[in-house]
Each structure stands twice: as structure tokens, then as C-alpha cells.
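Visitor: Here's the letter readout for the chains.
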Amino acid sequence: MKSKTEFLTELSRCVAEMEDDLVVEVAHAYLQQGFSAYEGIMQGLVTGMEIAGELFEQGEYYVPELLICSDAMYRGLDVFKPHMLPEDMQENINIVIGVVEGDTHDIGKNLVKIMLETAGFNVHDLGRDVPAEDFVRKAQEVDARIICMSTLMTTTMDNMQKVIDLLKAENLYGKVKTMIGGAPISQSFADLIGADAYSANAIGAARKAKELAALADEAVQ
Amino acid sequence: MAGMIKPFKCNLHKNVLSAEFCGQHKDLFPAAYFDAAPMAGLSIELARRLDSSLAMLPFDYVSEAEAYGAELIGFDDDFGLRAKGKHLNAVNELTALPPMDFTRGRLAEIIKAVGLIKDAGYVPCLNITGYFALIDILLPIEKGFSAWRKRQPALLEFFAIYERDLLEYITLALNAGAQVISYSDPLTSLELLGIKNGQQIAAELILPFFKKISCLENNGVIHVCGISSDILTAADAAWQEIKLEQEEYYSTAVVRQALQATEIKFLGRGCLHHKRKTNTIMQLLIEDIKE
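From first to last, the protein sequence lines stand for chains A and B.
Here our numbering = 1-based position in the first sequence + 1087.
Here our numbering = 1-based position in the second sequence + 337.
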């Protein structure tokens, strides 16, 4: 019989090596032994996703591999989540994420979402082609600290400004931080529209989100 | 070779149909998306704006997905046509999609518009969408990539269907007067896929498909966008430099090659939308590619 450590290593390997079918079997076998679902997630699945992130940063993995790894992680999560204990539920920081209205290119947004979840944030994904009002409404609803927006099109860049204007109108600007990204986006564009951060890639976005979350906490207090 | 490729920089996110251009031709919208006459008219206006005789259409990359049933939005807003959501949830659903119908709907109007452009003295260019850009509209893309990694039979079967449909679409367009077919798949950029994935997709899907196109009994140019050309280069496809007699716009040079073509010729590693002058263009040598 496998030890808990062996199971956790196996879960981690399934995610990092894109074994999206096997991960479900291993997760069920792990639970049958009476081991903690929370540890299965944090020390198994998330560890595997962190390994995948490192391989992505090193240029060993590219976007398809990272997306397939995340698919494996989510399939494992589906097995574990119903078995989480009340004391395992953490009050994580909420982030709202989406592709701005008019644009349907969501790969970059999906990568950022994956890295934010791996970093421990509670991410509310609004999907793609999202009207400005929906970003702000969702941020209010879940008491989000950060709104992340992406776009691939120059024609839809201005919709990021709309979200920031709405935050100002709702007196939330500064309390809810904003981070933007996408092919035509730059730091100078972020400065121009008053976004709090710009990230050129998903790994950097997760790092910047941690900094922004601390700033947002200070602003709220 | 593969390790030395400098990825092609695409500026197409700066949008072909700019808000300014669309504003100037408001009278043609939304009919230019679905009706042959205004579609041809807008395509010609776009060509004039780029000082080119090459009139490209359609103005979106979702017409093939729409033909398979994907729901579109944006006919009447400022952002252009796009898919409403992912059309399917699972790879197995792909093979149950209806076949492309070239007798009615937007595809039929596009083919009709090709003829109208030709009659107006311009060079019609049909834009077609590659495998993974299509999958990204039909399915969550991670499911597509995962199925490709496993060479899942349902995905391979669907790709075979898509190839057959595209071959018919290309043939109909060439017969209607198209002289350039522009192939692009932004989902297969080298930066996104990496060398290994890019090589596999090029060697197993794109190059064999091009080989089939090369057997058509038509004349014209298949233009491969810069991004899609990169993965062909990664798969060691051979390119030959063609020296131009004089420096000219890239699209003008492609048109010249199309008008002189006595068979199907493959050009690439450039962008038909870039307004830049060049004194060389690159031809993909198709003869050595296995089907």
C-alpha cells in the first residue's frame, strides 16, 4: 500500500506530467485511504501545478502543456472539493478576472487565472467579452481586492479604461486594484489609464497580484 | 534550423477593420458580413485604403466555425464578428457537427462576393482559418490541445472532415475567381506552442494538407501568414527566396506571383496586411512534402 507521501507525490506528478485521466484515479484512491482532501489539493495538485509553472518559465513547457496540466489539476480538484472539511476552507483573497468586452481571445486570461489560483487566490472568472459593468458588479459582490483584465485587440483596449472609470464612479478606485495585460498592452498604457499594474505574462501576474493584494488591504484599512 | 527561428511579429491585433474605417463605411454594415454585394464593396474599399489590388474577405475568422453551427455576435456593434461562447463542451461532439454548406448562408455569399470582386477588376483573396484557431472557437482550447497530445481519434476525424471541407471551399473560391488564399492560424504561433508542438502540428497536419491543395487543378497562391510559416520552418520545410525585379509592397508582390501562377504556388513568411516594401518574397517548396 502507498504511503500518504507517495500518494501526494503521485498526484503532483499527474498534474506536472499532464496525466489528466490518471489524476482522477489517484485522487479517489488517496481519499479511500482516509487522507485529507485539503492536503491532497495543496501538497499534491498545487505542488504539481507549481512544477508545471517552473517548467513553463524555463521554456520546457509552452502554453498547451500548461493548459493541459491545469486541466489535470481541475479534474483532481473536482474529486477533492466535496471532501473538504469546514476548517479547511480559508478566507482567501478574491480576484475578478476576464477579457474585456469585444474580445474573445482568452488564452492569456486563462493562464493568468491558473497561476493566480496556484498562488492561493480565489479567482472569479467572468470569461471573455465581458462588459465593464460586470467587472465592477462582481467585484462588489465578492468583495474583490483586485480586478484583472486582458485583451488582444487594440480596438478593445479602451474598455479597460471604462472599468477604471466605473470604479472611480463607485468610489472603489484604490480599494479595488486593477491589473491589465495582453498583446497590445504596455506599462505606459497602464499608467495612462490609471491601472495599478501591468504584467507581460502569467507568472509575473501572480507575483504582482500578491503585491497588489497587500496594497489593497492597506487601502481598505 | 528550428532553434534559430526568430518568431514572426504579428501586428494584426491592430485590427484590419479599424473603428475609423468602419465609421467611414457605416452604410455597408452589417450587410457586409452576410451579403455578397456589400461584402465585395467593403473588401474593395479596404484594398483601396491599403493602396492594393488585393481585396481580402471575409473580415472575420469565425465564418468556418459558424458554418459548423457556432453562434456569432457583433453584427451590430463596434467590435466585429466573434463567437458568442464555446460551441461545444467535449471533443467527441466535434464529429457530430453538420457538414459545411456552400449553397447557402455566409460561405455561399463569400464565394459570390469573390466573383464580384474579380468582375470589378480587383484580385480576390479568401481568408481561411487554420485548425487550432477553429478549435478555439468550437471548444475550450485546453480540451483541443489535450486531445491533440493524445491524438484522440475524434479530433483527428474532425480535422479530416475540416480538411475535406476546406479543400472544397478553396476550390469553389478559386473557381469563382480567387487568386490568393490566405491561410492563418494564430493559435499555432511558435511562441505559444514551442518548437516541438509546432513541428508536430506542421508535419502531421499542415504540410500534408498543403500537399493536397497543391494537387488542385487551379492556378493561384496559397499565402501562409508569418506566424503559421514559423512552425513550417520549425518542421524543416524548405523555403526559396524569390528576388523581385523592383522593390514593391509585399501584397503587390504576392498579387504579381498570383497573376503569373500556372499552378498552385505557396508563399509565406510575410503579412498581407503589413504596408511595407520588400525586394524579396519567400516560396514554400511543396514537392518534397509527404502526404
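Don't take each hint at face value.
As a list, the in silico DSSO-like pairs of lysine-lysine whose alpha-carbon atoms are at most 30 Å apart [said to hold, decoys possible]:
no., chain 1, residue 1, chain 2, residue 2
1, B, 421, A, 1249
2, A, 1089, B, 487
3, A, 1249, B, 487
Please keep in mind that the hints were generated in silico from the structure rather than gathered at the bench.
As the structure is a prediction and not an experimental result, all values here were calculated from the model.
Visitor: Now, for every hint given, state plainly whether the structure supports it.
Guide: Now the hints, each set against the structure:
1. B:421 with A:1249: At roughly 21 Å apart (the allowed maximum being 30 Å), residue 1249 (chain A) and residue 421 (chain B) satisfy the hint.
2. A:1089 with B:487: holds, 28 Å
3. A:1249 with B:487: violated, 42 Å
In summary, the structure is inconsistent with hint 3 from the numbered list given earlier, while agreeing with all the others.
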